[in-house]
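*Asks:* Sequence:
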Amino acid sequence: PDEEATGILLREHLQEALAELPPRETKILEMRYGLIDGRTLTLNEVGKKMGVTRERIRQIEAQALRRLRNPRIQEKLQAYLD
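Okay, so the sequence shown: first residue is 22 according to my numbering, each after it adds one.
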């Protein structure tokens, strides 16, 4: 029960953190890390879906991860990282 509640809270906080990102970055992270359906996609797969190169997806993903390291956003997820 505690683990289930923690999982629910983590998902909620993760969604809040992702909401701070531009929609394109959020979508890429969701696809790359399987945050919607549990299926992770490769850079190539995401690139094909979005009509850009795998290198561009890599760049956008890196930018999104940098944004998530912002202290204001990180604060929402810190409890789960300890």
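For the record, the hints were derived by calculation from the structure and aren't laboratory data. Bear in mind the structure is a predicted one, so any value in this text is a computation, not a measurement. Ideal placement from N, C-alpha and C gives every residue a C-beta, glycine not left out. Do not take every clue at face value.
Restraint ranges, calculated between C-beta atoms of paired labels, are given here [what the hints assert, rightly or not]: (1) A26 - E66: 30 to 36 Å; (2) A83 - D23: 33 to 39 Å; (3) K69 - P92: 31 to 37 Å; (4) D23 - T74: 16 to 22 Å; (5) E24 - K97: 18 to 24 Å; (6) G28 - R93: 28 to 34 Å; (7) E24 - K69: 32 to 38 Å.
Below, simulated DSSO-like cross-link-like pairs (lysine-lysine); rule was C-alpha separation at most 30 Å, straight line [to be verified]: (8) K48 - K69; (9) K97 - K48; (10) K70 - K48.
*Asks:* Are the hints correct? Go through all of them and say.
*Replies:* The hints, checked one at a time:
1. Distance hint check for A26 and E66: the Cβ-Cβ separation is about 33 Å, which falls inside the suggested range of 30 to 36 Å.
2. Checked against the given bound of 33 to 39 Å, the beta carbons of A83 and D23, roughly 35 Å apart, stay inside it.
3. Between K69 and P92, the C-beta spacing of about 35 Å keeps the proposed range 31 to 37 Å intact.
4. Checked against the hint of 16 to 22 Å, the C-beta distance between D23 and T74 comes to roughly 44 Å, which is inconsistent with it.
5. The hint said 18 to 24 Å for the Cβ distance between E24 and K97, and at roughly 20 Å that hint holds.
6. Separation of G28 from R93 is about 24 Å and departs from the stated range, judged on CB atoms against 28 to 34 Å.
7. At about 36 Å, the CB distance of E24 to K69 agrees with the hint of 32 to 38 Å.
8. As the CA atoms of K48 and K69 are separated by approximately 13 Å, the hinted pair is consistent with the 30 Å bound.
9. Between K97 and K48 the CA atoms are separated by roughly 19 Å; this keeps the pair inside 30 Å, and the hint holds.
10. Distance hint between K70 and K48 is fulfilled; the C-alpha atoms sit about 11 Å from each other, no more than 30 Å.
Consistency note: the structure conflicts with the earlier hints numbered 4, 6.
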